[in-house]
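Undergrad: Read off the chains here:
Number of protein chains: 6
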Amino acid sequence: MGKFVCFGEIMARLNPLGYLRVVQAEQLEISYAGGEANVAVSLANYGKDASFVTKLPDNDLTKSALRKLRGYGVDVSDVVLGGERMGIYFVEKGASQRASKVIYDRKYSSISMAKPEDFDWDKIFDGAEWFHFTGITPALSDEAAEVCLEACKKAKGKGVKISCDLNYRNKLWSSEKAGQVMAGLMEYVDVAIGNEEDCEKVFGIKSEGTNVTGGSLSKEGYTVVAETLSKKFNIPTVAITLRSSLSASDNKWAGMLYVDGKSYFSKEYLVHIVDRVGGGDSFGGGLIYALSSGYEPQKAIEFAVAASCLKHSIEHDFNEVTIDEVTKLMDGDGSGRVQR
Amino acid sequence: MGKFVCFGEIMARLNPLGYLRVVQAEQLEISYAGGEANVAVSLANYGKDASFVTKLPDNDLTKSALRKLRGYGVDVSDVVLGGERMGIYFVEKGASQRASKVIYDRKYSSISMAKPEDFDWDKIFDGAEWFHFTGITPALSDEAAEVCLEACKKAKGKGVKISCDLNYRNKLWSSEKAGQVMAGLMEYVDVAIGNEEDCEKVFGIKSEGTNVTGGSLSKEGYTVVAETLSKKFNIPTVAITLRSSLSASDNKWAGMLYVDGKSYFSKEYLVHIVDRVGGGDSFGGGLIYALSSGYEPQKAIEFAVAASCLKHSIEHDFNEVTIDEVTKLMDGDGSGRVQR
Amino acid sequence: MGKFVCFGEIMARLNPLGYLRVVQAEQLEISYAGGEANVAVSLANYGKDASFVTKLPDNDLTKSALRKLRGYGVDVSDVVLGGERMGIYFVEKGASQRASKVIYDRKYSSISMAKPEDFDWDKIFDGAEWFHFTGITPALSDEAAEVCLEACKKAKGKGVKISCDLNYRNKLWSSEKAGQVMAGLMEYVDVAIGNEEDCEKVFGIKSEGTNVTGGSLSKEGYTVVAETLSKKFNIPTVAITLRSSLSASDNKWAGMLYVDGKSYFSKEYLVHIVDRVGGGDSFGGGLIYALSSGYEPQKAIEFAVAASCLKHSIEHDFNEVTIDEVTKLMDGDGSGRVQR
Amino acid sequence: MGKFVCFGEIMARLNPLGYLRVVQAEQLEISYAGGEANVAVSLANYGKDASFVTKLPDNDLTKSALRKLRGYGVDVSDVVLGGERMGIYFVEKGASQRASKVIYDRKYSSISMAKPEDFDWDKIFDGAEWFHFTGITPALSDEAAEVCLEACKKAKGKGVKISCDLNYRNKLWSSEKAGQVMAGLMEYVDVAIGNEEDCEKVFGIKSEGTNVTGGSLSKEGYTVVAETLSKKFNIPTVAITLRSSLSASDNKWAGMLYVDGKSYFSKEYLVHIVDRVGGGDSFGGGLIYALSSGYEPQKAIEFAVAASCLKHSIEHDFNEVTIDEVTKLMDGDGSGRVQR
Amino acid sequence: MGKFVCFGEIMARLNPLGYLRVVQAEQLEISYAGGEANVAVSLANYGKDASFVTKLPDNDLTKSALRKLRGYGVDVSDVVLGGERMGIYFVEKGASQRASKVIYDRKYSSISMAKPEDFDWDKIFDGAEWFHFTGITPALSDEAAEVCLEACKKAKGKGVKISCDLNYRNKLWSSEKAGQVMAGLMEYVDVAIGNEEDCEKVFGIKSEGTNVTGGSLSKEGYTVVAETLSKKFNIPTVAITLRSSLSASDNKWAGMLYVDGKSYFSKEYLVHIVDRVGGGDSFGGGLIYALSSGYEPQKAIEFAVAASCLKHSIEHDFNEVTIDEVTKLMDGDGSGRVQR
Amino acid sequence: MGKFVCFGEIMARLNPLGYLRVVQAEQLEISYAGGEANVAVSLANYGKDASFVTKLPDNDLTKSALRKLRGYGVDVSDVVLGGERMGIYFVEKGASQRASKVIYDRKYSSISMAKPEDFDWDKIFDGAEWFHFTGITPALSDEAAEVCLEACKKAKGKGVKISCDLNYRNKLWSSEKAGQVMAGLMEYVDVAIGNEEDCEKVFGIKSEGTNVTGGSLSKEGYTVVAETLSKKFNIPTVAITLRSSLSASDNKWAGMLYVDGKSYFSKEYLVHIVDRVGGGDSFGGGLIYALSSGYEPQKAIEFAVAASCLKHSIEHDFNEVTIDEVTKLMDGDGSGRVQR
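Residue numbers (my numbering), protein chains in the order written: chain A, 1 to 340; chain B, 1 to 340; chain C, 1 to 340; chain D, 1 to 340; chain E, 1 to 340; chain F, 1 to 340.
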C-alpha cells in the first residue's frame, strides 16, 4: 500500500459553543481543519497511510495542529515550517432557517505565501499511491497555484493517481480566475469531485432542471454535468455530491459517481445535522478510500455517501467514523438504535 | 429619525445549560431580558435610535444589564436607579413533548414598585418618534399601570406613535383586571400586537374555528379578531402572531397584519427551535422597524415574521440578526446553506 | 403504602458533552444510573416509598451515587458496602444515522461478585409492597442470579408483588443462558416488562409481521407475544414497549399492556430525542406506579408511555418528571407550549 | 443519639466561575446554602442525625435545594412549604487584595415572612438533642425573631441544648436592634459562637489590643471578650473564631473555646483559600459535633478549627470533609501530601 | 469635562481555560483588548468620557469588540471600519516558575495598515481634554507611526494633554527603530509612563543598581531614570511602574511618579496573581484618571498603583474595579475581607 | 539515536474541574496517563525517539489514549491489544491543608492480567537505547512482575540501558513483597530513581535526620541513602527527588544525583502547585533525557529538577514543556515574567 499525499491548508477552526453566534461568544472551541487535512484524517481513520503536506508557522498553534494530525496517524513529516501565520476560520452553527456562517481570516497564511521551492515533491511522492488536493489551494495565491501545478506534474510523472475536489470559494477568487487556473490543473486529474455549484461556477457547466435552493434534483442533469466535465478534461472518474438544503438543521444528502461513461447514484439520506462543515471532505475521503480499495462504482459511491452522511452527526470537521460504521449504514441500518 | 422609547421590565434570565431542567442544574447561564428590552435591542440592531426606560436597583446585576443594553447601542440614560431588586426568571428549555418552563421571581422588583414621579416623561419623549410597551408592565402593579397610562398620555400629546404588545400573563393578573386596565390604555395605541390567546384572555375576543393546541389556523377567524380589536379601541393597525405548537422542538410560525380594514398574512415557516423565549418580542421589534421604515403592509408582516422566525434559532431572548439576514429569508432563502 | 424495593446494579455513567464521541472527549459528565435504580428514582419522584438495594465498594463514587439516590428520596439504607469496584459505562449520544453507543466497563463490580449472604431479604422486604428487578442482574454472574432467585422466593413468600423487566443484554450472557436462568425467575413474576427484542432473544417468542428496523408494528403480533409469555410462565400482566427507530434523533414510541387476556395499546408518540438511555426504565417506573396506584389498564399503559415519552427529552438516565406533567401529556397536551 | 435541629434560611447561592466578577459573568454556578443549613450538612457528614427547618416556596428551586440536603442525609421533613420566594445571594470570589463580595437578594423570602404558627416546635423538637440557630434568622424580620424566641423557649423546656452563632449582618439590622433582640435570645443559649466583630457589633464587647485588619491577635483580649459574653448572659460555653485576613487569598485561622471560666486556644493555620464562604459555619458544625460527642475542650476547639481550616479548601458553602480528614489535620498532618 | 481619546489597536484575546497551555487547549476564552483600549475602559469605569479610536475590519469580531467597548460606555463612533483583519493574540497563563506567554498574530491588522487619511483628527479631538497612546501603535508600521505623529501635533495644537505609555515590544521593532521614532513623538508628550525595561530599551536610560529578575529595586535609580527622561524630552510628568517578579504567581508591585523634579513612591503591594495581562494599562488608566481629576502627586501614584494592584486579581485585560474599591485599597484596606 | 522503550500501564485519569472533590463532581476531565507513559511523553517532547509498550483492551478509550500518545510522537506500534479493561484513576486536586487524593480503579486491567507471551521483547528492543519501567508495573500482578524481569534480562542482553523509578504504591503490594520482587529487578538497573519514601518502604533504606512531613532535609542523609542503594544492587547511578510538602498548594522541590560515589544536589525551588500528579515522572523523563544526552551530573540533576519544577505548573500528568523552557529555568530565570 502506498502513501496518500494530501496537500493544502490546515487552519485553526474557532467556533462558539452550541448554537451561539460569533458575536455572542465568550468561549470558542478550537480545532484544526482544512479540506485536504480532513481527507487525510478520513483516510488514516480507514487505515490508509495518509500524509499531509502544508506550510505552517513555527508556533504553538502549529504544534497543536500537528499533534492532532499525528494522533490520527497522519504523517506530518513533510510539513514545512515557516511563514508568518496559520489561517483561522470562525464557524457559527446555523439552525432551522438561520444558515451556518464561516468567517475566514486566512489571508497571509504561511501556505498562501509559500514558494515552489518550499516543497521537495520528489521526496514527498516517494512511495506515494495517491495525490489529493482541492480547488482551495490554488485559489490561495498565484504561488500556491504554481505549487499545485508542479505537484500535479510530479505526481503524474511518477504514476501517482490524482484526485481534486473543485471546492469553489468565491471569497478567494473569481469564477474567471478559477476556471482558468483549474483548467490547467484538471488535465492531470484522475478523479474529480464537486458539487453542482462548483461545476457551474468554475467551468460554467450547468445542470439543467436543478434547483439547489428548492431541493429538486435531476438525475439526468447531473449525469450531463459529470459527462461534460469528464470529456472536457479527459477525467475518467467524476463524483458529484447532491445536497438539498431543507434547512440548516435538515438536509438531504446523496452522491453520484460517473465512471467510464456510466453514472451510479447512491441512496439519498435525510440528515439531521450536528455539524455540517467538513461534510464534502468526508465524501472525498470515503470516495478515495473506496476507489483505492477496489470497490465497484456503485459500492464506492454508497461508501462515500454513507461516510459523509455520518459526518453530519459528528462535531468538528474530522470524520470520526470507522469502516464498520460506514459499512453498516450503507448496508441499510440507519435506524440509529443504541449500540450496547 | 426620532427615538424609539421602550418602557418595561428587564430581568435577569437564568437558564440551565442545554436541555437540563432547573432541578438538575449546577450551572445557569445568566443574561438579561424582558419583553420591551428585547424590542429595544431588535430596534437598535436594525439601526434605530432605541431607548429603554425602566427602574432598577443600584447593584452589580443592574450594572451588567445596562452594560449589555448599552453594548447593543440602546440608550439607557433614562433608566432610574432605585428600589430593592431586579426581577429574575428561570427558563428551562423544553424538547419534544416536554414544554419549556418559565419560573418567575419578579415580585417586589424595582419597576413593579416604581412610582409615577420616578419618570420624567417630558424629558424621556423629547425627540421621540415611537413609544412601545407591553401588557406585562401594567400587570406588575397598580402604580406601574398608572405610569403606563401617564406615559401613553404624554406620548399621545407629543404626537409619538404608540405600540403595545398585549402579552397577557395569567400569573400577574386576572383576565378581568387585565381587560379593565388594558382597555384604558388601548385607546392611545396605534399598533396593537397580540397572539390568539391574548385577545381572548384580555378582551374576550375569540377566533372561531381555531384550535391552538391542535394547530389548525383559520385566516378568516384571525381577520375577525383583528377587526374586532381594531374597531373596539379605534386602533388602526393590529398584528397577530400565529403559532402552531407541534412540539417543544418544532413549531409553525406565521403572522398577520390588519391595516385599514385589510388583512395581510405572511408566509408560514416550519421552525426547528433553538430558543423560543423572546420569539414574540422579536416579531414586535421587526414589525415596529418595518412600519416605521415605511414598508408596505405585506412586506412589513413578512419582515416581522421572518425576523422572529430567525429568533427561534438564536440562544437567549435578544434577536441577534441583521436586516440583511431577515430580508434574505423573507425573500425566500430559508435553505440554511452555509454562508462562507 | 408499602415499600417498593428495587434490586440491581447502579453504575457511574460517563458521557461526553453534547454529541461528541468518546474518542473525542476531553470532559465527561458523570451521573449514576442503572436499570433498577432508574425505576426506584421514578417511583420516588411519583411519591412512592422506593428503596434501592445493591452492593457497592466503599469509596467516593459510592458516596456520591448514594447521595444522589437519597436526594430523590430513595431509601439506600439496605445498600451493602464492600467489593472492589463500581461498574462504569460510557455513553455517546448518537444523532441522525449515527447510533448512540454504550461501552460497558462493569465486570468485577461489587454487585456482580456479591454473595447471597450479603443480603438479608427478610429485613429488606419488611413492609414491602413491591419488588422490582431486571434481567440485567441475573446476567451479571451466577451468584447474582442466585441472589435474584432467593429474593423472588422471599418476596413471593411475603406476598410482595414482583415485576421484572427482561432487559436482555447480549454482552452479558447468551440467549441460551438467559432463557434458562430467566425461566426459573419468571415463575415468581407478576408483571413482566419487555420489548420486542427481549422476548425473542430470551424466550424465543417472536412477533410475526414486525420489522423493528423498518419501523412497522403489528398490534396482533404484539398481543400474541404477550399472550405467549403470559401463558408460558403464568404471568398475569405483561407490558411491551414498542419503539420504532426512525433515526438516532427521532423515534416512535408506544406500549401495550396485556392484562387478563386482554391487550391495551397506548397512543403512539413521535419523539425528538434528547437522551434515550433510561427510556425503558422510565416506562417500567411509570407502569409500576400506575398499576400499584390502581389505574385501569388503559390508563396505566398511557401513563407509562407518556412518562417514558417525556424521559426522551430529559438528560441522563433518571426521569425528572412529575405526575402532573405525565398526566397532562397522556391527557393530550403534547404541544410543548411554554409553561409560564 | 438525638436529632440536631438547625433552623434558619437556605438560599440559592449563585457565583461566577473562578475569579470572574458578577458584572463579567455569563454563567453562574448554583448551589444552596445558608448559615444553619451549612451546619446541618456538617453534622450529617459527621454522622449526626441532623434536621433542617425553614420555610420555602413551593417551586423547582426548593425541590432542588431539598434534594441536595436530603442527599447529605439531612432530614427535611419539617420544612414548611409556602410564601413567595427563596432568598438568593450572589458571591464573587476575591483574590489577593480584592475582597470576596456577597450581594444579597433575600428580601421577601418565605422564611423572612414566615409566621410563628408556621412551625410546630413541639413536633420538631420531638427526640431532639440540640438546637442551632444563628443571628441571621432573627435579623430577617420581627416575625422571624419571634419564631426564634419561641423555638428557644420550647427547646429549653424540653432540655434541648441550644447553640447560637452570633453572625452579625449589618445589611439586615443595626447594632442597636441586634443587641436588643439577641439579648433576649442569648439567655436560652448554651453555646455561643462568634468572631471578634460579632461580639463588638452586637453587644459592644470589644477586645482590647486587637487589630483585625492588621492581623494581630491577643489571647488575653479574646479571653476577656468570651468571659464578658459568658457572664453577661450566663452562657457556659463561648467559642470565638480568630481570623487574620492577610489577603483575600491567604488567611490565618484559629479559634478559642471558653468553658467554665477557662480558655482553650487552637493551633493557628495559614490557609490558602479556595472558597471562604461558609468557613464560620464549618467551625460551628465542627464544634457542635465535638461538644456533643464528648470531646475535651482542647480537642473540641482543635476539631472545630481543623474542620473549618479544611473548609477553606472546598468549593461552595458545604464542608465536604470526613471525620478522618479533620482528625488527621488536627493531629498534625497538614502537609497536603497526595493520598493514594 | 472633556473627552479622553485613546488611540491604538484592539485585538481579539484568546486564552485557554485556567492554567492550560495553548498546545493543550480545546477551548479558548475570547475577549477583546489592547493597551489603549484597556486604558479607555478604565477611564470609562471611573466615569470619564472616554473615546477609543482605531481601524477595524467590517466583520462579526469587530461587531463584538465594539459592543463590549460601548457597553463600558466607551465612545466608539470614531472607529474607522476597513482593512483586512483584526489582530489576535493568544495568552497562556503562567504559574509558579512557568511564565505567562503571549503569542501574537497581529500582523496585517487593519490598524497596522491604516493610512493617515483614515482619521480626521480635527473631528476626533473636538471637545477633547486628553489624548493617550502607547509605544505599541507607532511600532505597528511606518504609517501607524505617522498617524501617531499627526495625532500628537493636532492634539498639541488644540491644547489637549498627551500621555504615552512607552510599552516597548521587541517583536514589533528594534530598540534602534523604537528610540528614533519615539523620540519624535515624546516631545509632544505631557505624561510619560514606562517600566524600567522600556526606558532602557527605547532610550537607553538605565537604572543603576536595579536587577529586575532578582527583584531588587532602587529608589534613587528610578528617580534618575525619570529625571533623565523628563529632561531629555522636556516631559513634565513621568511615571514608572516597579514590578518585581517573584514568580508567575506572585509579584511585588509599586510605582513612582516624577513631577516637577520631585519623585513620589507608592506603597508596594505583594500581589497573588489571577491575570497579569493588562496590569500596566490599568496603571495608566488609574494615573490619567487621578492626574486629570486634580489628585496631588502622592495620591495620584497611590491611586494608579492601587488600581493596577487590583487588576492583577481580575480576569482578562479590562480593569473591572470602581473608584471606591481603588480608594479603599489605597487608604489601607488590602485585607480582602468578605464584603457582604 | 536509539529508541527509548517505556513499559507499564496507561490509565484513564478522571478528575473533577478545579478544586471540586470527586463526591461533588458532575463533570470530569478525562486524560490518559501513567508513570511510564508520562516519561515516554517527556522524552518525545525533548526530541527522543520514545516508544510506549503496554497491553490495552480494544475499545474507544484505548483508541483515544493511543491517539494522544501518537500525537506527542510516541511510538505505540508495540502496544498489545486485548484483555478486559483499561485501568482508571480518579484524582481530586488538593489545596492548602487538604491533600490531593487519588482513587484507583485499576484492578483487572489488561496490563495487570497480561502474560509474558504477550510481548515480543526481541522485536521491541530492536534498535533500542534505553529501557524504562517503574515499581508500579511489577506490583500489578505476579505475571506483570515476570514480564518486567524478562524485559530486563532481554534489555541487558542487548546492551540497552535500564532505568527504574521505584515508585512504591502501598495499595498494590506490601513492603515485603515489593522488597523481594524489586530486589530481583534492581540488579539489571543502571539508573535508579526514587524518593525518600520509596527507598525506605521497598528496601528499608532510611535517611537519618529527615522529617518528610516537617520539611527538613539532610544532604548527608540522602547521600547515605543513595550510596546504600547503589552499593546494595551495584547500581552506578541513583537519583532521589526531595520534596517538602508545606501544603497541598506549596511545596519545596529539589533532587540529588549520585554518580560514581559522588552526590550532586540541585537548586531547591519553592513551587506553587497547579497539578502535582506526574511530578515524579517528569523528573524521571528529564533525568533520562539529560543522562542519555551526555549532560554532566550537576547539569543533569538541574535539568531533571527544573523540568519537574515546571511540571507542577502544568495541568494533567504529561509535562508540556520544551528543552528551552527547562534550560531557561535551570539557568536561573524562574521569575515567571510574561513571555511576549
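These are calculated hints, taken from the structure and not from any lab test. Among the hints, erroneous ones may be present.
It does not matter which identical chain is used: a pair holds within one copy or between any two.
[Said to hold, decoys possible] Only pairs whose alpha carbons sit at most 30 Å apart, straight line, appear in this in silico DSS-like list of lysine-lysine:
1. K63 with K232
2. K299 with K3
3. K206 with K328
4. K101 with K299
5. K219 with K232
6. K63 with K3
7. K267 with K299
8. K154 with K68
Undergrad: A separate judgement is required for each hint: does it hold in the structure or not?
TA: Here's how the hints hold up against the structure:
1. K63 with K232: The answer is neither: 42 Å in one copy and 45 Å across copies each exceed 30 Å.
2. K299 with K3: So K299 and K3 pass the 30 Å test inside one copy only (23 Å; across, 43 Å).
3. K206 with K328: Classified as between: cross-chain Cα gap 24 Å, same-chain 34 Å, threshold 30 Å.
4. K101 with K299: between (33 Å within a copy, 26 Å between copies)
5. K219 with K232: Result: close within a single copy only, 20 Å intra versus 55 Å inter.
6. K63 with K3: both (23 Å within a copy, 22 Å between copies)
7. K267 with K299: within (11 Å within a copy, 40 Å between copies)
8. K154 with K68: This pair counts as within: shortest intra-copy Cα distance 28 Å, inter-copy 34 Å.
In summary, the structure is inconsistent with hint 1 from the numbered list given earlier, while agreeing with all the others.
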